[in-house]
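Chemist: Sequence:
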Amino acid sequence: MSKSESVTGCGRGARPRVIGPVLAATLCLGASACAGTPGADPVAASAAQAGSQAQIDPQSWPALASPMPVDDAIETRIAGLLRSMSVADKVGQLVQADIGSITPEQAAQYRLGSVLAGGNSAPDGKAYATAEEWLALADAYHAALAVPGESGVAIPLLFGIDAVHGHNNVIGATLFPHNIGLGAGRNPDLVGRIAEATAREIRATGMEWTFAPTLAVPRDLRWGRTYEGYGQDPALVASFAAAVVEGLQGALGAEDFLAGHRVLAGAKHFLGDGGTVDGKDQGDARLDERTLVAVHGAGYPPALAAGVQTVMASFSSWNGEKIHGHHGLLTTALRERMGFDGFVVGDWNGHGQVPGCSNVDCPQSLIAGLDMYMAPDSWQGLFENLLAQAKSGAIPPARLDEAVARILRVKLRLGLFEAPAPSQRPLGGRFDLIGHADHRALARQAVRESLVMLKNAGGLLPLSPGQRILVAGDGADDIARQSGGWTLTWQGTGTRRADFPGATSIWEGIRADVEAAGGRAELAPDGRHAERPDVAIVVIGEEPYAEFQGDLATLAYRPGDDRDLALIRRLRAEGIPVVTVFLSGRPLWLNREINASDAFVAAWLPGSEGAGIADVLLRGADGGIRHPLRGRLSFAWPRTPTPVFDGPGGLDADPLFPIGHGLGFDDDGDLPILDESSELVAPGAEAGIFVVRGAPVPGWRWQVGGGESWTALGTDDASAGVGAQRTDHAAQEDALRLTWHDAGAVLALQGDQPVDLRRETNGDVDLLLTLRLDRARPARVGLGCGEACAGWLDWPAAVLPGGAWHQVAISLKCFESAGVDPGRIETMLALDAPASTVLSLSRVELGTGSGARIDCR
Numbered sequence: 001m002s003k004s005e006s007v008t009g010c011g012r013g014a015r016p017r018v019i020g021p022v023l024a025a026t027l028c029l030g031a032s033a034c035a036g037t038p039g040a041d042p043v044a045a046s047a048a049q050a051g052s053q054a055q056i057d058p059q060s061w062p063a064l065a066s067p068m069p070v071d072d073a074i075e076t077r078i079a080g081l082l083r084s085m086s087v088a089d090k091v092g093q094l095v096q097a098d099i100g101s102i103t104p105e106q107a108a109q110y111r112l113g114s115v116l117a118g119g120n121s122a123p124d125g126k127a128y129a130t131a132e133e134w135l136a137l138a139d140a141y142h143a144a145l146a147v148p149g150e151s152g153v154a155i156p157l158l159f160g161i162d163a164v165h166g167h168n169n170v171i172g173a174t175l176f177p178h179n180i181g182l183g184a185g186r187n188p189d190l191v192g193r194i195a196e197a198t199a200r201e202i203r204a205t206g207m208e209w210t211f212a213p214t215l216a217v218p219r220d221l222r223w224g225r226t227y228e229g230y231g232q233d234p235a236l237v238a239s240f241a242a243a244v245v246e247g248l249q250g251a252l253g254a255e256d257f258l259a260g261h262r263v264l265a266g267a268k269h270f271l272g273d274g275g276t277v278d279g280k281d282q283g284d285a286r287l288d289e290r291t292l293v294a295v296h297g298a299g300y301p302p303a304l305a306a307g308v309q310t311v312m313a314s315f316s317s318w319n320g321e322k323i324h325g326h327h328g329l330l331t332t333a334l335r336e337r338m339g340f341d342g343f344v345v346g347d348w349n350g351h352g353q354v355p356g357c358s359n360v361d362c363p364q365s366l367i368a369g370l371d372m373y374m375a376p377d378s379w380q381g382l383f384e385n386l387l388a389q390a391k392s393g394a395i396p397p398a399r400l401d402e403a404v405a406r407i408l409r410v411k412l413r414l415g416l417f418e419a420p421a422p423s424q425r426p427l428g429g430r431f432d433l434i435g436h437a438d439h440r441a442l443a444r445q446a447v448r449e450s451l452v453m454l455k456n457a458g459g460l461l462p463l464s465p466g467q468r469i470l471v472a473g474d475g476a477d478d479i480a481r482q483s484g485g486w487t488l489t490w491q492g493t494g495t496r497r498a499d500f501p502g503a504t505s506i507w508e509g510i511r512a513d514v515e516a517a518g519g520r521a522e523l524a525p526d527g528r529h530a531e532r533p534d535v536a537i538v539v540i541g542e543e544p545y546a547e548f549q550g551d552l553a554t555l556a557y558r559p560g561d562d563r564d565l566a567l568i569r570r571l572r573a574e575g576i577p578v579v580t581v582f583l584s585g586r587p588l589w590l591n592r593e594i595n596a597s598d599a600f601v602a603a604w605l606p607g608s609e610g611a612g613i614a615d616v617l618l619r620g621a622d623g624g625i626r627h628p629l630r631g632r633l634s635f636a637w638p639r640t641p642t643p644v645f646d647g648p649g650g651l652d653a654d655p656l657f658p659i660g661h662g663l664g665f666d667d668d669g670d671l672p673i674l675d676e677s678s679e680l681v682a683p684g685a686e687a688g689i690f691v692v693r694g695a696p697v698p699g700w701r702w703q704v705g706g707g708e709s710w711t712a713l714g715t716d717d718a719s720a721g722v723g724a725q726r727t728d729h730a731a732q733e734d735a736l737r738l739t740w741h742d743a744g745a746v747l748a749l750q751g752d753q754p755v756d757l758r759r760e761t762n763g764d765v766d767l768l769l770t771l772r773l774d775r776a777r778p779a780r781v782g783l784g785c786g787e788a789c790a791g792w793l794d795w796p797a798a799v800l801p802g803g804a805w806h807q808v809a810i811s812l813k814c815f816e817s818a819g820v821d822p823g824r825i826e827t828m829l830a831l832d833a834p835a836s837t838v839l840s841l842s843r844v845e846l847g848t849g850s851g852a853r854i855d856c857r
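For the sequence shown, the working numbering assigns the number 1 to the initial residue and increments by one for each residue that follows.
Among these hints, one or two may not hold up.
Said to hold, decoys possible - Pairwise CB distance ranges, derived in the manner of DEER restraints:
#, residue 1, residue 2, range
1, P628, E105, 52 to 58 Å
2, P698, H661, 32 to 38 Å
3, V681, E733, 55 to 61 Å
4, S719, D774, 19 to 25 Å
5, A779, D654, 51 to 57 Å
6, P754, G803, 20 to 26 Å
7, R496, E336, 46 to 52 Å
The set of hints was computed from the structure by calculation and includes no laboratory data. All residues carry an ideal CB built from backbone N, CA and C; glycine is no exception.
Can you make the complete structure from the sequences, with help from the hints?
Modeler: Now the structure itself:
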């Protein structure tokens, strides 16, 4: 994710002049009404909140001690460093910047303690960098920090990355199944070996820290991070924790603990992120303390016992208190009661969500127990404020020294002070380890073990490879789809087949086995086969997503879009048996698709080794079973699109298939007809969609006006400021053709209630418009946040050619830079255009765009 720079318009410290009920011009008049309460004392606010934040019962938490004995040599060295370091040196250790927003020279100037590569960041701002380029960047950061600062102290820098299912930011790396699939396999030993292989690939490119494992216990499948969890059973999650930590770091007491082929692990997200209300990412876990500890905290004791060196604080809240500012959880529970002696790192600008804080000003988090701020694009302002607060005493000197000591302790345990440049370390430059055959073999085994069969009518599976086999569905030959989010990009979108050298799609794996057995395989994504097959394998599933962009309002699969169901039914109507392979980051309601299929297999997000699917679904050359089906559900499968829980923080009270369910080839695979009667509601604003087929979703409406006069958008009447007619995009009359009759008219998409887009803005989400410029173009595009609060961006003349449909992306950060308060958006889109402008619009939504862009840099 890259830092957005300011654009023409009001800055965050200025208030725009009102020209209508929700929109404003760009004349700046002084202090912004959108920027919060000026002059507030954040330290005083922190003190005022400390009482409520401290209300935990220490006795409810496990009484643990650090498994690592005190190393007197390390502690003596820490004490000496603290005496030698300036206040600026110490503050620098607390700040982690993203490589997209800082150069090695800047990191050295500010003596920063760490950098990270966010999901959309790569060396030199490239879309996809090579392993060699990653290593060169790591060397550059190391060299810059190896030179002592003004105080004469040189402290090496930690380079962290989200390697969450393999070294997934690097082209050619092994992409293992996401955790939901590993949980279905129930093989902690294999998962430990996967972690060890991931560590080797990370070290080859120069990093030494991964933000893994995720120890969340997702309870609501609507959560967009469900696939990052191993399961809904806390005991199952706990069974993987130590294995992953030891695979990454090495076993405590072993000679290779934190050695050159190991990396730091980071247990996340502490705590309760899997238990938020309605599965909302970065939301509020409204739970009693006992449930928080027993369910959502279950993975942490084994991770701590295994010596995990870092813990990441959660974006979310517990009973209304943001974890990034929660002294009771970060200090009383984690450090004092559970004995954690590593350091706590924040999540992406998560400190900015603490009440009274901003991304650049939040001493409350440090006082509460955060040691290192993840300040990807806010690092410079944050550093300057922390330095001023440390010098003034607003940050207690003892707390500053404690946080720095924890960071230094981890760096010393890792041997970072004595380590040479990353390229000179034991595995530095071993690019043969990237996608190594042994690692791919582990991944392929994990794919096989993760598959869960839910239906097998008449014992259809496994299939004879000597048949004529049709492979259909838009997921069959799509490695990005089978790999999901956190794959080369944050959302896992925008990639091409060439970006996955060495990987195999599901189709490629099936074709290889079928041709080797003398059968015939045909790929036809739409199912229109050239030769009548004996059987069809249809691969369908979710598009890639990550974090809150995957949050759902309903568990129905593709509501309002029945193309996959129609494909399966059409093949069945031809008398062709159908095996459906479902790719997803969670169980979803697919009763109709399951009913229409002869066999149904949940394959989750298998990663780069799609051939593992064929290993299980196809028989061997001798006609026997090559690999048994051993996968069992680690998440309950929903009976209806709307979950009903058995209590606060509980599980689905009446699932279709319970946790632990899964058929083997010898089991009776027939199913009764499943209920298809649930009402399917198309997703709305809860899912980031505001206009579909030109029509606003419930809660939003088109308005036309200027000044203080606003009316509903009507037909194309020349007396109206803007008129509308139906036109065609992908189907008949599925878009609006908008004509500007008056130069002063503004078209606005206004909501009944304001929406909070702070997390989306922080996460570099785009406003996406699917449109066609028929004549001329808009002059400006804007967002509104109430009276005296708005932001406009000029519409570039050459942003896209006219006469064709395009998706246009505009970063929400651009609007924030132009004066919008992302915390209360009342106008999701405003278009200001000259008279006679004509454009057609079919869709308005939030997401990540890869095409035409209105950029503010």
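Chemist: If you test the structure against every hint from before, which numbers come out violated?
Modeler: 3, 6
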